[in-house]
Amino acid sequence: MVSIGSRHNIHQSGRPDGQPMLFAHGFGCDQHMWRYVAPRFEDEFRVVLFDHVGAGQSDLSAYDPQRYSSLSGYAEDIVAVCTELELRDVIFVGHSVSAMMGVLAAAAAPDLFAKLVLIGPSPCYLDDADYVGGFSVEDINDMLESLESNYLGWSSVMAPVIMGRPDRPELGNELTESFCRTDPSIARRFARVTFLSDNRDDLHAVATPTLVLQCANDVIAPVSVGEFVRDRMPNASMVLLDATGHCPNLSAPEETAAAIEHFVRGSAPASR
Amino acid sequence: MTSRANEALEAFYEALRDDDADQLYDRAPCGYLSTAPDGMIIKVNQTFLDLTGYQRAQLVGRVRFVQLLSAGGRIYYETHYAPMLGMQGHAHEIAFDLVRADKSRLPVLVNAVLERDAQGSPLVIRTAVFDARLRREYERELLRAKQRAEESETRAKALAQTLQQTLIPPAPPVIPHLDVAAAYRPTGDGSEVGGDFYDVFQIGTNDWVVAVGDVCGKGVEAAVVTALARYTLRAAIVEHAEPSTALATLNEVLLHHHTNRFCTAVLLRLRYAEGKWAGTVSCAGHPRPLLRQPDGTLHTVGKPGALLGVVDSPHLHDVQFRLLPGDMLVLYTDGITEARSGKVFYGDEKLAALVARSFDSAAALTSAVLSEVLEFQSGRPHDDIVVVAVRVPV
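Just so you know, the protein sequences line up as chains D and R, in that order.
If you count by the working numbering, then the first sequence holds residues 1 to 272, one letter each, in order.
If you count by the working numbering, then the second sequence holds residues 1 to 394, one letter each, in order.
So that you can see chain D by itself, here it is in the shape it has in the complex:
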């Protein structure tokens, strides 16, 4: 049995006695996504980073297609990480698909979480009647094909680097070179779960104080979707960032961190 720490490649920093902030990365990459944001909270908080099973330096052998065929499998992992590390009053910061995993985790274990920060959340990427998720099923298939063509060179060349070589720490530099790559069959499954899930009906049940961070021009999660999340959750506010794209944690770390800081440190409510 592999420990949860190595299964999820958990890294902790900051104040061991501080309030825990758990950062969850989205589809495509790993905990390196938080490199420019998470350190800003180390002065006051216990910062916990991890990789979802199947991503980054997680234990790929722990990937169970059945368990991870829905977002609730990932949400159970988040609860398990909190339980294992004995985290209380957790501030959960989830990017992209991890935002919805956080919502599901908070629905399952509401007492565990003090606040949720959802960056670029979308409860449903597919268009459905009046709801505009932004994508059609054909678009998702198109994306899966895009994944396939970009993973062509994976198996033989990259696999040994990506699979993790704890016995060879000198490979560390190359690992950051490959942080957006993982086993293609896992990536394909994770992509399906990410873009074909519909969690719109899970939003209203989560009363945890929640901040939605929404980018101005996000082709993956448009502003109307961020507003939908804010409006469906009973205790949510939204901050519209100037940042462009889907990864403000990389493209605009200052602005992103400032908005999170305001929410987790300050007492004033974030603007709606």
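Don't read these hints as lab results, they were simulated from the structure.
Since we're looking at a predicted model, the values are computed, not measured.
One should not assume that every hint holds.
Said to hold, decoys possible - One-sided excerpt, in silico: chain R residues whose CB lies under 8 Å from chain D:
1. 66
2. 76
3. 82
4. 87
5. 89
6. 92
As the list claims (entries may be wrong) - Some chain D residues flagged as far from chain R (calculated, every beta-carbon gap over 10 Å):
7. 35
8. 80
9. 219
10. 245
11. 258
No residue lacks a Cβ here, since even glycine has one placed at the ideal position from N, Cα and C.
Assemble chain R onto chain D, guided by the hints.
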């Protein structure tokens, strides 16, 4: 070199020198884009416009690069490409589909670098775009071939496992006045058919046969020979009372079969009469069975004989013996004694020491042997393992 050729070369160099920076940029054999860190196009070359059918004024200052991609490409851009650029400052050989002005799609390969200013803030993204229509078509073929290969591998595995099950009886039959057990573990992950087999069957009233064999090699051809060996022995032992004669028949069959595979086997005939078991055993290139007596003493039974499928008239011998109450006879394949941990073999001595221990039943012995040998190889056997035990109840 003639002066005329020299002049031509000079003229050629001249023409190259005339290729000024603007020409080099605009007419480069690849699309070339400069964008702000947020992807907004700030400069684009003529080749890119030719590839995509857009006018410069439609793009510059108006469109972000991501907006020129197919929907699937936009997701890949945001989830992989942009983070890669942001984290490592470059992205190489990324496959995208550009959506042209006329809505048709153009497969491209993209290289990009992110340049930062002196303070380290992102300044500009330079992107080279290569037409990849032919390459993409080729890659699709590769992917299709890979999918087909994966499908047939799945089918082959299922076939191998089905075949495996037909070669190995699910459990030995119940024999009155005798306790019989067998353990079998194929090599590797079970996706390949190995060459070990065993069989326990009745040929008359109180008349039973135990066969254990090992066909060299693995895979389909070995499986064919394994099946052949098993059924030949079944047929031959009914015909001929002596195990050695049945083994000689198998030798004939192997020599006439279109195979160069050879085989080792041990054939044991057990007859029960007047409350006593009598055995006849013949060994063909195979480890001889071990007989453990109730006091713990150990003997090998049988005489070594020749491999089958190699020479015309192999030397084979029948040896008769008695099985008394409490006696345990153990037949096995070399997957046990030649099991390796690093360079160390499991070996005859370890097996003898294990068999010499006291076991309540044949099944207790076979499972103890199997688990010890598996453990010795850290759970990954390099060869098939077969062990069959027969014990006369006290």
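Hint check results:
1. 66: Because about 6 Å separates residue 66 of chain R from the closest Cβ in chain D, which is inside the 8 Å limit, the hint holds.
2. 76: Nearest chain D Cβ about 4 Å off; hint holds.
3. 82: Interface hint status for residue 82 of chain R: holds (6 Å vs cutoff 8 Å).
4. 87: 6 Å, holds
5. 89: Violated: closest Cβ of chain D sits about 10 Å from residue 89 of chain R, beyond 8 Å.
6. 92: Nearest chain D Cβ about 10 Å off; hint violated.
7. 35: 7 Å, violated
8. 80: The claim stands: residue 80 of chain D keeps its Cβ more than 10 Å from every Cβ of chain R (closest is about 25 Å).
9. 219: Residue 219 of chain D not clear of chain R: closest Cβ-Cβ about 5 Å, inside 10 Å.
10. 245: 6 Å, violated
11. 258: 16 Å, holds
Checked against the numbered hints listed earlier, the structure breaks hints 5, 6, 7, 9, 10; every other hint is satisfied.
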